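K.L.:
Let the sequences and hints guide you as you build the complete structure.
Chains as they are written, first to last, in our numbering: chain A, 1 to 325; chain B, 1 to 286.
Check each hint, because a few of them may be wrong.
Residues of chain B placed beyond 12 Å of chain A at every Cβ, according to the derived structure [as the list claims (entries may be wrong)]:
| # | residue |
| --- | --- |
| 1 | K2 |
| 2 | I7 |
| 3 | Y86 |
| 4 | D107 |
| 5 | P112 |
| 6 | G130 |
| 7 | E155 |
| 8 | V197 |
| 9 | K207 |
| 10 | V208 |
| 11 | Y209 |
| 12 | E218 |
| 13 | D253 |
| 14 | S260 |
Cut-off 30 Å, straight-line C-alpha distance, at most; resulting in silico cross-link-like pairs (BS3-like, lysine-lysine) [said to hold, decoys possible]:
| # | chain 1 | residue 1 | chain 2 | residue 2 |
| --- | --- | --- | --- | --- |
| 15 | A | K33 | B | K136 |
| 16 | B | K225 | A | K35 |
| 17 | A | K168 | A | K33 |
| 18 | B | K200 | A | K168 |
| 19 | A | K323 | A | K254 |
| 20 | A | K32 | B | K252 |
Sample of chain A residues facing chain B (criterion: CB under 8 Å; computed from the structure) [what the hints assert, rightly or not]:
| # | residue |
| --- | --- |
| 21 | F62 |
| 22 | G65 |
| 23 | A76 |
| 24 | A81 |
| 25 | K83 |
| 26 | T253 |
| 27 | Q302 |
Quick caveat, the hints were computed from the structure, so don't treat them as lab data.
Only a predicted model underlies this, so the values are computations on that prediction, with no experimental measurement involved.
Cβ atoms here follow ideal geometry from the backbone N, Cα and C, with glycine treated the same way.
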Amino acid sequence: MAESVKLNLSFDTSKPEATRDGFGKGLVIEGKKNKDIIALDGDLANSTRSEWFGQEFPDRFFNVGIAEQNLVGMAAGLALAGKIPFACSFAGFLVNRGHDIIRISVAYSNANVKLIGTHGGIQIGEDGPSNQSMSDIASLRALPRMVIVNPCDALEAAKAVEAFVKTKGPMYMRLTRNKLPYFHKEDYKFQLGKADIIKEGKDATILATGALVAEAMKAAKELENEGISTRVINIHTIKPLDAEAVLQAARSTKVMITAEDHNVIGGLGGGVAEVIAQQQISIPFRIIGVKDSFAESATPDQLFEKYGLSYPHLVTAVKDLMKRK
Amino acid sequence: MKKIESIEELEGKARELRITTLKMIHAAGSGHPGGSLSAADLLTAIYYRFMRFKADQPNWPERDRLILSKGHCCPILYAILADQGYFEKEKLMTLRKMGSILQGHPDRNKTPGIEVSSGSLGQGLSVAAGMALAGKIDKKPYKTYCILGDGEFQEGSNYEALMAAAHFRIPNLVAILDYNQIQQCGMVKDIMHIDPVGEKVKAFGWKVYEIDGHDMGEIVMTLEKAQKDTQPVFIVAHTVKGKGVSFMELNKDFHGRAPSDAELHAALQELGTVTSTQHPAQGGVA
Numbered sequence: 001m002a003e004s005v006k007l008n009l010s011f012d013t014s015k016p017e018a019t020r021d022g023f024g025k026g027l028v029i030e031g032k033k034n035k036d037i038i039a040l041d042g043d044l045a046n047s048t049r050s051e052w053f054g055q056e057f058p059d060r061f062f063n064v065g066i067a068e069q070n071l072v073g074m075a076a077g078l079a080l081a082g083k084i085p086f087a088c089s090f091a092g093f094l095v096n097r098g099h100d101i102i103r104i105s106v107a108y109s110n111a112n113v114k115l116i117g118t119h120g121g122i123q124i125g126e127d128g129p130s131n132q133s134m135s136d137i138a139s140l141r142a143l144p145r146m147v148i149v150n151p152c153d154a155l156e157a158a159k160a161v162e163a164f165v166k167t168k169g170p171m172y173m174r175l176t177r178n179k180l181p182y183f184h185k186e187d188y189k190f191q192l193g194k195a196d197i198i199k200e201g202k203d204a205t206i207l208a209t210g211a212l213v214a215e216a217m218k219a220a221k222e223l224e225n226e227g228i229s230t231r232v233i234n235i236h237t238i239k240p241l242d243a244e245a246v247l248q249a250a251r252s253t254k255v256m257i258t259a260e261d262h263n264v265i266g267g268l269g270g271g272v273a274e275v276i277a278q279q280q281i282s283i284p285f286r287i288i289g290v291k292d293s294f295a296e297s298a299t300p301d302q303l304f305e306k307y308g309l310s311y312p313h314l315v316t317a318v319k320d321l322m323k324r325k
Numbered sequence: 001m002k003k004i005e006s007i008e009e010l011e012g013k014a015r016e017l018r019i020t021t022l023k024m025i026h027a028a029g030s031g032h033p034g035g036s037l038s039a040a041d042l043l044t045a046i047y048y049r050f051m052r053f054k055a056d057q058p059n060w061p062e063r064d065r066l067i068l069s070k071g072h073c074c075p076i077l078y079a080i081l082a083d084q085g086y087f088e089k090e091k092l093m094t095l096r097k098m099g100s101i102l103q104g105h106p107d108r109n110k111t112p113g114i115e116v117s118s119g120s121l122g123q124g125l126s127v128a129a130g131m132a133l134a135g136k137i138d139k140k141p142y143k144t145y146c147i148l149g150d151g152e153f154q155e156g157s158n159y160e161a162l163m164a165a166a167h168f169r170i171p172n173l174v175a176i177l178d179y180n181q182i183q184q185c186g187m188v189k190d191i192m193h194i195d196p197v198g199e200k201v202k203a204f205g206w207k208v209y210e211i212d213g214h215d216m217g218e219i220v221m222t223l224e225k226a227q228k229d230t231q232p233v234f235i236v237a238h239t240v241k242g243k244g245v246s247f248m249e250l251n252k253d254f255h256g257r258a259p260s261d262a263e264l265h266a267a268l269q270e271l272g273t274v275t276s277t278q279h280p281a282q283g284g285v286a
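P.N.:
Here it is as structure tokens:
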């Protein structure tokens, strides 16, 4: 562990920050208020930022080594004995290696375990597909009782930690390694399960989550310049999905796209499609995400461009759909 | 909470619970009798001699906990929980039926006294370690028991849990391996041997005991010792799958099927003390 540096728990919303950093601060802030909070990590604590909690509360922090099944299982046991455990690792390792334990010992048992998966999406870049995660949301979305939150900025991540502590039940938070601009101020009221409109618009809607909220905002700006009024809705809670907000957007704008750093199968786009299709809503619609392929090693920007996630792809999709309207 | 001190009475209780278990599985028409019968003596000793709990307050924070990691052997546990007053004995004959509180594998949200849902193997030891760790953090003296199967011990996740419990020096954790020698497709030693399991676990840093898992005196004596150990305890209990019914013993057919009417009758005759002439479905629970 690195030499102890005094951790700055404030949020400078003028500078981009990774959502994992927001989580790391949020966990320390909550840890001061609630002694039942425990953090466990699969030896990635300096990357997941659970290390900050460990430095502040060494008696409540456990590095269980590179053993994700036991990481999740011990978290379940701690939760069933009254603790509020945060089990932390990279999204790809935690969700996939730990999945059956999550299914039975956590979800089926309805254990109050908080799963924290950092390094979500292909945005981590150079480490390549084994370390990128683009099926975690799909895997967990199909588990009954599981709540899935994917914050778009560091402040939202910290507020989500607070909500995770206050709300009982199995929950998963997906976080980014890379820095993202802030879309919220300190007074932001985060509400689990409630869509967060960060920009109004009447022609097109972009439902974005996590790192793609930043791309959606850039796309909206460009679309506005071309005369297309674009609404951007931050879907921080992917499950339970705010179906009301989705339907309202589908009914009040002409076209709709979803955007996520995840496979186009089973993620936010899948969830939105399930909602609108079953309400027989006919609207030009597209799911922006990784098109069911493994990505590769490259810089995050290069990957976003090649795999169709950077904002120009969103602009193209909206304009294309507008022509069909 | 029913407490039994004498070895002879514990043996009698185990026989009674075996009878109940077989009637339940027969009434259900499916289930896993072999592993319930092999674990009967171990579970009887734990629940009637050692565990502290309040059946009318299943979530009493100070209670001792038991995790049935080999979840398919839940009928014997259900029989004990009913006998101890967690729920009415009449419910036992609803095992595996629509709407029952008694699922085919344990569901903690449906059955009072079940600590964690299980049935997918290899998960209980980590959960038990987490529960015991919570006790250590809170400086509470409660014990956490974990019943493991020998076939189940082929799951790699067990070894992650063994490492962690020893590394964190988790006290008040007692794992018991019901080493009944048979798994679904045959003998454990032929399919994927786990030996020398005691030595392996000892190498991980656990206190290990090897006992005859059907010798009630030895079971009680060993659990007595385990109460005082400060490191995690692992008891290799050598047992016989299907113990107590000659034609079920070491017979893989009875890993996962219910006895027929004739087989139930023969089994109950062997176990003796068929005090009720009622049909099991009419509530003839021993």
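K.L.:
So, for every hint listed, does it hold in this structure?
P.N.:
Hints and how they fare:
No beta-carbon of chain A is positioned within 12 Å of the beta-carbon of K2 of chain B; the least distance is around 25 Å. Consistency note on I7 of chain B: stated as away from chain A, and its beta-carbon is indeed over 12 Å from all of that chain's, at 32 Å minimum. For Y86 of chain B, the non-interface assignment is confirmed: its Cβ lies about 17 Å from the closest Cβ of chain A, beyond the 12 Å cut-off. In this structure D107 of chain B is not separated from chain A by more than 12 Å, as the shortest Cβ-Cβ distance comes to only about 7 Å.
Every beta carbon of chain A lies more than 12 Å from that of P112 of chain B, the smallest distance being close to 14 Å; the non-interface claim holds. Some Cβ of chain A comes within 12 Å of the Cβ of G130 of chain B; the nearest lies about 2 Å off, and the non-interface call is violated. Some Cβ of chain A comes within 12 Å of the Cβ of E155 of chain B; the nearest lies about 9 Å off, and the non-interface call is violated. Distance check on V197 of chain B: its Cβ is at least 19 Å (rounded) from any Cβ of chain A, clearing the 12 Å threshold; non-interface status holds.
Look at K207 of chain B: its CB is around 20 Å from the nearest CB on chain A, clear of 12 Å, so calling it non-interface holds up. A cut-off of 12 Å between C-beta atoms confirms that V208 of chain B is not in contact with chain A; the least separation is 20 Å. Here Y209 of chain B stays apart from chain A, with its beta-carbon at least about 23 Å from theirs, past the 12 Å limit. Even its closest Cβ contact with chain A, about 29 Å, leaves E218 of chain B beyond 12 Å, as expected for a residue assigned away from the interface.
Look at D253 of chain B: its CB is around 27 Å from the nearest CB on chain A, clear of 12 Å, so calling it non-interface holds up. No beta-carbon of chain A is positioned within 12 Å of the beta-carbon of S260 of chain B; the least distance is around 32 Å. For a cut-off of 30 Å, the pair hint linking K33 of chain A to K136 of chain B stands: about 21 Å separates their Cα positions. Restraint check for K225 of chain B and K35 of chain A: the C-alpha separation of about 33 Å exceeds 30 Å, so the hint is violated.
Annotation: proposed proximity of K168 of chain A to K33 of chain A holds, straight-line Cα distance about 17 Å (limit 30 Å). In summary, the hint linking K200 of chain B to K168 of chain A is not supported, as the alpha carbons are separated by about 39 Å, beyond the 30 Å threshold. For the proposed pair K323 of chain A and K254 of chain A, the alpha carbon gap of about 10 Å is at most 30 Å, so the pair holds. Of the pairs offered as hints, the one joining K32 of chain A and K252 of chain B is violated, with about 54 Å between alpha carbons and a cut-off of 30 Å exceeded.
Because the beta carbon of F62 of chain A sits about 7 Å from the nearest beta carbon in chain B, less than 8 Å, this interface hint is met. Taking 8 Å as the C-beta cut-off, the interface hint given for G65 of chain A holds, the closest approach to chain B being about 7 Å. Taking 8 Å as the C-beta contact cut-off toward chain B, the hint placing A76 of chain A at the interface holds, the least distance being around 5 Å. Checking A81 of chain A against chain B: minimum C-beta separation of about 3 Å stays under 8 Å; hint holds.
Given hint, K83 of chain A at the interface with chain B, holds; its Cβ is 5 Å from that chain's nearest Cβ, closer than 8 Å. Of the supplied interface hints, the one on T253 of chain A is violated, with its beta-carbon coming no nearer than about 41 Å to a beta-carbon of chain B, more than 8 Å. A hinted interface residue such as Q302 of chain A counts as satisfied when its beta carbon comes closer than 8 Å to some beta carbon of chain B; here the least separation is about 37 Å, so the hint is violated.
Checked against the numbered hints given earlier, this structure breaks hints 4, 6, 7, 16, 18, 20, 26, 27; the rest are met.
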